[in-house]
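> Read off the chains here:
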Amino acid sequence: DIQMTQSPPSLSASVGDRVTITCRASQDIRNDLSWYQQKPGKAPKRLIYGASSLQSGVPSRFSGSGSGTEFTLTISSLQPEDFATYYCLQHISYVWTFGQGTKVEVK
Amino acid sequence: QVQMVESGGGVVQPGRSLRLSCAASGFIFSNYGLYWVRQAPGKGLEWLTVISYDGSNKYYADSVKGRFTISRDNSKDTLYLQMNSLRVDDTAVYYCANLQPHGDSPFDYWGRGTLVTVSS
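Chains A and B, in that order, are what the protein sequence lines are. The first sequence begins at 1 in my numbering and counts up one residue at a time. The second sequence begins at 108 in my numbering and counts up one residue at a time.
Bound conformation, chain B alone (with noise of 0.2 Å):
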């Protein structure tokens, strides 16, 4: 069955940075675009990026653009999300995910998430 397993996350200082690594399984991995969303302690859902299935297109929610990097290798069915300049709002979990809400059998597969906490 798929999985997604999201780790690298911790305590961290402000203006620090930090990888976290989503490791996928039961599907084809360089078939789909992926992506990271988060969500603060007690807030809503924060779409944060996606990139390509081949690794070619990136974008990025303009709060962490400049700031978090998304990148994949396909021969390790991994996702990574590299977060520099970190900040106390960055605190939060966050999710990997394969969101594929278009065609004739739309899917979601979700990560259950790492936890960030930023803090001095």
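Looking at chain A on its own, in the form it has when it is part of the complex (with noise of 0.2 Å):
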């Protein structure tokens, strides 16, 4: 199966900052790979499909680069209702793998 190593696991930053976490797939998995929001108590969100192409209603201040092994969420500028967990998901399998997370806190 396709291993997602996902970093950092957790990091601190303020409102206002450019916050960038990372995903590596264990092999070429071009651009299917998508990038979740969660919240303590509720499902997951997802924020970014094809690795670079923004959901719908998702504010632009996140996005998302990469194929192949390595992608980048980018959140060009911390907002309070951003603090949250963050994962990737590689969708090219027909198993399916999540990033171990990372944990967005308050600085």
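Hint data in this document are derived by calculation from the structure and do not stem from the laboratory. Where hints are given, some of them may not hold.
Said to hold, decoys possible - Computed cross-link-like contacts, BS3-like style, restricted to lysine-lysine with a CA-CA straight-line distance of at most 30 Å:
id, chain 1, residue 1, chain 2, residue 2
1, B, 183, A, 103
2, A, 103, B, 150
3, B, 150, A, 42
4, B, 183, A, 42
5, B, 165, B, 183
6, A, 42, A, 103
7, A, 103, A, 45
8, B, 150, B, 172
9, A, 42, B, 165
10, A, 107, A, 45
11, B, 172, A, 42
12, B, 150, A, 45
13, A, 39, A, 103
14, B, 150, A, 107
15, A, 39, B, 150
16, A, 45, B, 172
17, B, 172, B, 183
18, A, 39, A, 107
19, B, 165, A, 107
20, A, 45, B, 165
21, B, 150, B, 165
22, A, 42, A, 107
If you follow the hints, you should be able to join the two separate chains into one complex; please do so.
If you want it as structure tokens, here you go:
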């Protein structure tokens, strides 16, 4: 199965900061990757699909990039509602896998 | 509007079985492959299994292969997860989901989750 390695596991940031989260795939997944945001007690919400396409309704401060094995989620200017945990998800194979998650905390 | 509602969670002893159900509405159930995802307390998301739109194809994560079985009843718009030989580390919130990341208008629908606690 394809393994997804996400980093960092957590980060501390302030409102207005630029935040970058990385996911690395164990093999080429082209651009078959989504990014999710999850808040405590809630189901995940997709932010990005196809590695770089913004899901409808998601603020433009979120962006994704990468292809093959290296992917990045960037929040250009962190807002109070963005403190949450973020996950990547590969969906190129029949068996999908999530990254381990990155918790974005208040500095 | 779209709803996916899980049921069947609870407390169960190690080695026992449990069946989760997921009642869906608001979309054409029989058109889509459907998923189960779980989250252990304080841990990350874990993709478990998928079933094709007609039930003919099923795939599993290694962690549940041979113990869990996904199925569906398209006449009842209901998805199932039969969980056998449960272990303490199967304790988690289990989500059913309709995850469609491809195409011109990808979408995601998730249930609110049902908690399964495996404990003696």
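> All the hints need checking, so say for each whether the structure fits it.
Evaluated hints:
no. : hint              : verdict
1   : 183(B) <-> 103(A) : violated, 38 Å
2   : 103(A) <-> 150(B) : holds, 11 Å
3   : 150(B) <-> 42(A)  : holds, 14 Å
4   : 183(B) <-> 42(A)  : holds, 26 Å
5   : 165(B) <-> 183(B) : holds, 19 Å
6   : 42(A) <-> 103(A)  : holds, 15 Å
7   : 103(A) <-> 45(A)  : holds, 15 Å
8   : 150(B) <-> 172(B) : holds, 20 Å
9   : 42(A) <-> 165(B)  : holds, 27 Å
10  : 107(A) <-> 45(A)  : holds, 24 Å
11  : 172(B) <-> 42(A)  : holds, 27 Å
12  : 150(B) <-> 45(A)  : holds, 17 Å
13  : 39(A) <-> 103(A)  : holds, 10 Å
14  : 150(B) <-> 107(A) : holds, 22 Å
15  : 39(A) <-> 150(B)  : holds, 13 Å
16  : 45(A) <-> 172(B)  : holds, 26 Å
17  : 172(B) <-> 183(B) : holds, 26 Å
18  : 39(A) <-> 107(A)  : holds, 17 Å
19  : 165(B) <-> 107(A) : violated, 44 Å
20  : 45(A) <-> 165(B)  : holds, 24 Å
21  : 150(B) <-> 165(B) : holds, 25 Å
22  : 42(A) <-> 107(A)  : holds, 23 Å
Hint compliance for this structure: hints 1, 19 are not met, and every other hint is.
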